[in-house]
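Residue numbers (our numbering), protein chains in the order written: chain F, 1 to 259; chain X, 1 to 259; chain W, 1 to 259; chain H, 1 to 259.
Worth flagging that the hints you see were computed from the coordinates, not collected in a lab.
Keep in mind it's a predicted model, so treat the numbers as computed, not measured.
Any given hint might turn out to be false.
When chains are identical, the list treats them as one kind, so a pair holds in a single copy or across two.
[As the list claims (entries may be wrong)] With a straight-line Cα cutoff of 27 Å, these simulated DSSO-like cross-link-like pairs (lysine-lysine) come out:
#: 1; residue 1: K139; residue 2: K234
#: 2; residue 1: K238; residue 2: K72
#: 3; residue 1: K5; residue 2: K185
#: 4; residue 1: K256; residue 2: K21
#: 5; residue 1: K212; residue 2: K234
#: 6; residue 1: K72; residue 2: K205
#: 7; residue 1: K256; residue 2: K34
#: 8; residue 1: K21; residue 2: K5
#: 9; residue 1: K234; residue 2: K34
#: 10; residue 1: K234; residue 2: K256
#: 11; residue 1: K205; residue 2: K21
There are 4 protein chains.
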Amino acid sequence: MTLIKEDDEIYLVLDSRRNYKVQVEQDKQFHTHKGYIELGDLIGQPYGITVTSSLGVSFYVLKPLIRDRVLKTDRHTQVLYPKDISYILFQLGIGPGSTVVEAGTGSGALTMALANTVRPDGKIYSYDISEKHQNTAAKNIERSGLMPYVNLAILDITEGIPHEDVDAVILDMATPWQVVEHAWKAMAGSAVFLSFSPTIEQVMKTTEELNKHPFIEIETVELMLREITVAYNKTRPKTQMIGHSGYLTSARKVTKLLE
Amino acid sequence: MTLIKEDDEIYLVLDSRRNYKVQVEQDKQFHTHKGYIELGDLIGQPYGITVTSSLGVSFYVLKPLIRDRVLKTDRHTQVLYPKDISYILFQLGIGPGSTVVEAGTGSGALTMALANTVRPDGKIYSYDISEKHQNTAAKNIERSGLMPYVNLAILDITEGIPHEDVDAVILDMATPWQVVEHAWKAMAGSAVFLSFSPTIEQVMKTTEELNKHPFIEIETVELMLREITVAYNKTRPKTQMIGHSGYLTSARKVTKLLE
Amino acid sequence: MTLIKEDDEIYLVLDSRRNYKVQVEQDKQFHTHKGYIELGDLIGQPYGITVTSSLGVSFYVLKPLIRDRVLKTDRHTQVLYPKDISYILFQLGIGPGSTVVEAGTGSGALTMALANTVRPDGKIYSYDISEKHQNTAAKNIERSGLMPYVNLAILDITEGIPHEDVDAVILDMATPWQVVEHAWKAMAGSAVFLSFSPTIEQVMKTTEELNKHPFIEIETVELMLREITVAYNKTRPKTQMIGHSGYLTSARKVTKLLE
Amino acid sequence: MTLIKEDDEIYLVLDSRRNYKVQVEQDKQFHTHKGYIELGDLIGQPYGITVTSSLGVSFYVLKPLIRDRVLKTDRHTQVLYPKDISYILFQLGIGPGSTVVEAGTGSGALTMALANTVRPDGKIYSYDISEKHQNTAAKNIERSGLMPYVNLAILDITEGIPHEDVDAVILDMATPWQVVEHAWKAMAGSAVFLSFSPTIEQVMKTTEELNKHPFIEIETVELMLREITVAYNKTRPKTQMIGHSGYLTSARKVTKLLE
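I would like the entire structure built from these sequences, with the hints used as guidance.
Set out below in structure tokens:
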């Protein structure tokens with residue numbers, strides 16, 4: 001059984017809106033509107049328990065999953081939803097030890113999910129042209145403990161990618177088609193290229209460019225997720241739904257195209 | 001650069017319908033309707049190259065990804081699509097070292113995806129009541145090289161789960177609600193329960209049962225994936241689409257429920 | 001060319017949010033935040049022109065369509081969207097001269113669409129148990145000029161339907177299954193029954209009841225509508241979407257079921 | 001109660017796949033694989049009854065609705081589904097007495113639905129460049145009894161529309177953008193333009209052209225319909241679904257655009 005240790009990050013849950021990621025430290029208190037919690041008391045306890053604040057309000061103590069980290073990430077620069085992130089991770093075919101190039105870094109939400117997948121001996125090279133984005137992302141990734149597997153840098157990869165033999169290239173940027181040739185050069189044979197784009201014009205231009213280079217299995221999909229309310233005599237899909245986040249265009253590098 | 005080694009499994013691609021997973025052996029030929037390929041010649045070559053058969057037909061030589069394995073798995077007992085498998089992997093929050101209980105094993109497609117995620121030091125305990133399913137799955141998993149991370153057994157887990165402190169329970173079976181209590185007992189605190197069910201009655205019964213036990217963050221979603229044809233003046237979603245595979249109901253174990 | 005006449009209702013449009021349905025009267029002004037409009041000046045003018053207010057702001061003058069009336073209807077009691085209303089009208093197979101029973105009346109939005117379809121010699125008998133609903137609906141229908149084709153009454157049709165040989169029964173109420181038997185009695189042979197229900201439990205109970213009576217072609221569908229933003233380099237489905245309004249369950253009456 | 005009369009078209013239903021539209025004539029038999037039916041015996045009978053063939057097999061006798069006619073129409077040239085047709089009819093805002101220009105005629109399925117809506121005193125001018133399409137459509141419409149409300153002609157309306165003051169223009173053709181200017185000229189003020197197009201490039205070009213002319217309320221939507229299987233412990237959306245038929249782009253004519 002995994003017990004809570006000093007320096008662990010925990011996830012304190014009051015309800016679906018009020019939940020917090022907190023680092024456990026001896027002799028430290030975590031203050032909420034419902035009183036404070038003695039974090040040191042949690043050391044040596046199992047996950048899944050409840051803890052009661054100084055004002056007598058109880059919280060669940062959960063172990064943060066990568067999906068919790070993604071959801072808690074600052075959303076200002078983020079349009080990727082769990083439905084997209086999970087599909088990206090699967091489609092990229094990466095795992096422990098993989099090397100991945102990502103651009104742009106954005107809030108770092110996808111960066112963390114990628115890093116979580118390639119640890120302990122892989123690496124995510126994540127580029128962005130915005131210093132502000134990278135600072136935000138750095139803070140988010142640092143807190144998650146995944147920074148050892150990430151290399152952040154400010155770089156415009158439409159001008160080139162300073163890597164070779166990478167296992168995957170994942171793009172969430174305005175002009176992915178300008179990166180296709182650089183991506184091909186940076187990728188290992190058989191590696192996966194994937195671009196997330198909100199507009200169909202981005203998809204068209206990127207696909208056209210992919211068709212001009214030695215890429216196969218070029219395809220575009222979109223994912224829709226519906227939440228279902230399940231309750232006695234009230235079971236139904238929720239009224240509101242995200243109708244569109246973006247298209248996912250992927251391809252696989254080969255050394256040359258067959259006739 | 002990863003070079004092809006003896007005993008590696010490779011993925012020979014002629015086109016989207018004609019593609020084969022093959023194990024590389026010195027002095028062995030792989031025979032297709034388009035002639036045979038000398039597999040030994042591939043040893044020491046990089047992935048992504050093309051290879052020409054005795055009849056002069058060329059194939060791409062790719063490195064099989066977990067998604068290729070899932071798609072090549074015998075589909076007779078399978079209703080899980082990549083959209084569902086990828087979401088399951090993400091939602092479960094598992095990674096290298098995780099212990100997972102799965103039932104039923106089915107074709108082994110999801111088992112392989114789970115095993116790929118928890119390797120090198122995790123384990124998937126996969127149960128099925130059908131010996132036939134398990135035999136098929138065993139063959140599929142064996143070929144993928146992921147058997148070291150899988151433990152297959154014929155067992156009806158509606159009668160109990162012989163594990164403790166597992167990191168996740170994932171169900172794709174007819175009566176998941178009969179497993180909820182056993183799952184709670186087998187799971188570590190904070191671990192994730194997820195059930196994939198085609199019908200809404202299964203979802204209702206499972207949710208009702210989850211509500212009776214110390215589970216939080218109980219939710220159900222469904223995913224729809226549309227493939228987009230992207231071609232000059234012909235860009236459009238494909239006419240045919242999978243309208244429904246199943247609902248995904250998930251929850252997280254706590255030791256007790258707060259009032 | 002249809003010219004605007006005294007007493008016509010017109011639709012003044014400033015933009016997609018600021019638009020008004022107004023009755024044209026000689027010597028009357030319509031006051032807006034952007035100045036007033038001399039309604040008498042419009043008499044004898046064609047539709048589609050622009051008219052300028054006393055403050056120099058111009059409005060388009062459109063002829064109200066049934067879809068404008070539906071959208072302008074008070075939405076407090078309304079969950080039916082144009083996608084549903086249009087499908088209902090088509091599925092019911094009604095036209096000029098048809099007799100239709102509706103319950104509940106709600107805001108009267110669907111009542112107007114039904115009345116518009118059966119005029120000039122058909123009739124909608126619309127029932128609701130709420131006097132408040134019927135008062136709101138009466139006001140809406142009166143304004144649309146469709147009241148001659150509508151008969152509103154406060155009545156609980158779970159206790160019976162006081163009609164014979166009606167061409168269609170359309171339900172948007174909490175317990176449609178309690179009306180199935182009464183509907184069968186009130187309907188002409190070959191007539192269409194249709195029920196709109198937000199929850200799947202309502203659909204299940206109604207379908208079960210339909211299966212117990214001489215109904216054929218029993219089916220349930222749901223419709224999803226996505227709005228697409230079409231603009232240079234910005235073409236994409238909108239982010240927000242209505243994920244669910246309700247299920248549409250329909251059937252056709254026969255005199256007896258074949259074995 | 002509507003009784004079956006000589007010359008009425010009836011709809012004989014054995015099951016969801018075996019159903020036939022037949023014209024009732026005294027002393028005539030309708031032959032099926034399950035024996036023949038004496039059509040004259042039906043005269044004076046109500047709809048919804050069952051009739052038994054010479055081989056003792058019973059059929060339901062239904063009154064054909066416009067949706068039955070649409071579904072029975074030859075589908076070779078047809079991509080419009082009921083979900084689209086119903087939305088088109090509603091969005092166009094037409095009714096008894098309306099004048100509509102349609103192109104292309106295709107199989108005539110939409111033509112019939114339009115004609116059914118504008119009868120008894122409206123007219124559908126339906127154009128197609130293919131004589132073959134028009135011949136097929138003519139046969140379909142003739143059989144439906146709706147020909148009095150339809151005017152079919154072979155004409156390429158990208159070169160002009162020979163009408164004025166029409167209430168609606170509905171296009172289902174390869175190059176709708178080439179018709180936008182002609183449509184504007186042919187339409188009454190406030191009338192509705194609607195184009196059904198499978199590809200997004202058609203939507204982009206048509207929208208661009210609409211933006212260049214005095215049209216307001218320019219919008220594009222797509223509709224998805226899911227069929228739900230409702231049966232005890234088997235309730236679920238069907239696996240297969242039509243993912244895409246086409247986009248629906250609509251707009252309203254004004255005499256001039258405001259700044």
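Hints, one by one, checked against the model:
Neither within a single protomer nor between protomers do K139 and K234 lie at most 27 Å apart by alpha-carbon distance, with minima of 42 Å and 31 Å respectively. In this homomeric assembly, K238 and K72 come within 27 Å of each other (Cα to Cα) both inside a single copy, at 22 Å, and across copies, at 24 Å. Taking the shortest alpha-carbon separations for K5 and K185, only the inter-copy value of 23 Å comes in at or below 27 Å, while the best intra-copy value is 44 Å. For a Cα distance limit of 27 Å, the shortest separation of K256 from K21 across copies, 20 Å, qualifies, whereas the shortest one inside one copy, 48 Å, does not.
Proximity of K212 to K234 under the C-alpha cut-off of 27 Å is restricted to the inter-copy arrangement: shortest distance 18 Å between copies versus 52 Å within a copy. In this homomeric assembly, K72 and K205 never come within 27 Å of each other (Cα to Cα): the closest approach is 33 Å inside a single copy and 31 Å across copies. In this homomeric assembly, K256 and K34 come within 27 Å of each other (Cα to Cα) only across copies, at 20 Å, whereas the closest approach inside a single copy is 63 Å. Taking the shortest Cα distances, K21 and K5 sit within 27 Å of each other inside one copy (15 Å), while across copies they are farther apart (45 Å).
Taking CA atoms no more than 27 Å apart as the test, K234 paired with K34 passes in neither setting, with 32 Å inside one copy and 45 Å between copies. Within a single copy, K234 and K256 get their C-alpha atoms only as close as 56 Å, which misses the 27 Å cut-off; across copies the closest is 26 Å, which meets it. Taking the shortest Cα distances, K205 and K21 never come within 27 Å of each other, neither inside one copy (40 Å) nor across copies (32 Å).
The structure fails to meet hints 1, 6, 9, 11 from the earlier list, while all remaining hints are met.
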